[in-house]
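Asker: Spelled out, the chains give:
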Amino acid sequence: MMLLKIAWRNIWRSKLRSSVVLLAIASGMVGGLFSSAWMNGMANQRVRNDFDIETAHIQFHNPQFADNFDVRKTISNTDSKLRELKNIEGVEYVTSRIKSQAMAATANKNSGVTIVGVNPKTEKEVFKLYTKINEGDGDFFETKKRNSIVISKALAKDLKVKLKSKIILTFQDYNGEITGAAFKVIGIFKTQNSQWDKTTVFVKDADLRKVLDLPTDLSHEIDIVITDFNIAGETSKILQDKFPDILSEDWTEIKPYLSFISEYMDIMMGVFMLIILLALGFGIVNTMLMVILERTRELGMLMAIGMSKSRIFKMIMLETVLLSLLGAIIGEIISMLLINYYGSVGINIASMSEGLESVGYAATSYPALEFYKYIEITGLVLITGVLASIYPSFKALQLNPVEAIRTI
Amino acid sequence: MSIIKVKNLTKTYHDTEVPVHAVNGVNLEFKKGEFSAIVGPSGSGKTTLLNMIGGLEHPSSGMVEVNGTDMFELSSSALIEFRLMNIGFVFQAYNLIPVLTAKENVEFIMQLQNKDKKQMNERTISLLESVGLGDRLNSRPNQLSGGQQQRVAVARALASKPMFVLADEPTANLDSKATMQLLEIMEVLNREENITFIFATHDQRVVDKAHRVITIDDGKIISDESVSK
Ligand SMILES: Nc1ncnc2c1ncn2[C@@H]1O[C@H](COP(=O)(O)OP(=O)(O)O)[C@@H](O)[C@H]1O
Ligand SMILES: [Mg+2]
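First to last, the protein sequences are chains A and B. With this note's numbering applied, the first sequence corresponds to residues 4 to 411, in that order. With this note's numbering applied, the second sequence corresponds to residues -7 to 221, in that order.
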């Protein structure tokens, strides 16, 4: 207890030096934590955006559908499957889709697209694309009108169409014959992923089914949202066993790079923090060596009057660890405030936004860091402090009390 | 009964071009309750001798026996423990831990000895009162005068209930008044509580108070006289 008291008070003996060290540790923490939170926020948003717009948490397909988007590779008994799924614990929302590759053409342009035929009511429970339609850009199938289509701003620009323009879609029907139909643009969306935007269009299930000549109860995809996306993998396996005729995949399988993004961010953050901690560690070692040099006589006196080596070691170590920990806590509080603030207002990097959006990141990102990360970092700083104190403490032990005292 | 026996003690420093015989064949004994001064000019070997008696420095040859224990036979950590339990130290300066108050400085050594907390508190206060600092318990060293600091050091040296107290030039940095005060306090402690003090000094005022004066020159004892008071 006394050692702790001495260690703590010793920190404040050289206020300037300790403040500089604390500032260095704190700014290292803020730099590390804030940029991690920023990257993490971007990654989270990217992942969540893909859930909301593209993948949901789990998808069913005909096992052969993925190979070449063959219209004939369908899921059978769609309705009973949907009903059954809804009764499974942990499954929140389900919807089915039909899909086809097509050529979208207007008077002056054409472009290859994937048509997605949706059931608007359940589609809106699973996917949030309807929120990506701005005021004045129409809506997501609020009308009962037949053969309406929702396309992206990017595609509209490419095809030079506006709301109410007609687009001709040409594709192969269920019987292998080339067919086509005119669709009227009723909604224009814009997501963060402009690449995906350009190649995806939405029509109503019923309209597409008719031109495809696809029998009822057959579909190409079932999309599932579960309560906790983190257990999508396990849930998907369970569903696979229940429905052996289809292929069930979770979001990490549908888009392997999504989980890769999360892992990559973790690794990046780890490396980044390691570099910061290493720099701090050396700074701390240096400071403590200076401290010991300054206190040579005092340490000599303590050894002379009978303070054991292990206690001297402990005293220096405590001081180092307390100093590091204090710096870390200050840094973490500042980081937490910054992250929470920017986490709610967002950081807008308008100048870079075009480049980022083309690869699916939002221009405005919301830094976020899970609480356990702070604890983890505190632990790492603690370890750094202990490691950084070993050499200075060891140096202190090598002092010869007599020489230390004699130099008067 | 001698509590300290010094036999054929020598210390030669070889780190200079010519070897320095700082202490050269010293034989001495100290009894419980003595109030002795080792006197001699600067460089005569007082500090070296006192440091060896205190187990701070190893001799080149000879031995120091404290209460039957040959100190230099002990391992280095056992020697530290031995000093803690048996010897009180008062140095010329840098005696106190600057971040602790007078009271905490005195308590500190008892904590090192793992003494009982309540007992420690009472003893600390009575010791600081006996050195005239009952009203400065919570002052830090830098808030105390040089003389007051040395008195805290005396209280600290006594707190561990040592067999004897070694004081190397304890008055060197003090003015006359503070020197007299400090000496009187130590004299009283010696007289009333039979505390053994050994000084190394070239301060005549200290010599005047001593009951035994050991004169050293060139590392050799040249006289050893008891003074009746
Ligand atoms: N660490 C050392 N290395 C070399 N010579 C030393 C050392 N310590 C003391 N001496 C020498 O030993 C002699 C006695 O020193 P010291 O015991 O300090 O004398 P005093 O305390 O009487 O002034 C002096 O000549 C001093 O220079
Ligand atoms: Mg000396």
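The hints are simulated quantities; they were obtained by calculation from the structure and are not laboratory data. There may be inaccurate statements among the hints.
[To be verified] Calculated pairs, BS3-like style, for lysine-lysine (alpha carbon to alpha carbon, straight line, at most 25 Å): (1) A:Lys240 with A:Lys213; (2) B:Lys(-1) with A:Lys312; (3) A:Lys112 with A:Lys187; (4) B:Lys95 with A:Lys8.
Please read these numbers as outputs of a predicted model, since none were measured by experiment.
Asker: For each hint, tell me whether it holds in the structure or not.
Answerer: Structure-based check of each hint:
Restraint check for Lys240 (chain A) and Lys213 (chain A): not satisfied, since their Cα atoms lie roughly 34 Å apart, outside the 25 Å limit. Pair hint Lys(-1) (chain B) plus Lys312 (chain A) does not hold up; C-alpha atoms about 29 Å apart against a cutoff of 25 Å. A C-alpha spacing of about 16 Å is found between Lys112 (chain A) and Lys187 (chain A), which places the hinted pair at or below 25 Å, so the restraint holds. Distance hint between Lys95 (chain B) and Lys8 (chain A) is fulfilled; the C-alpha atoms sit about 14 Å from each other, no more than 25 Å.
The structure fails to meet hints 1, 2 from the earlier list, while all remaining hints are met.
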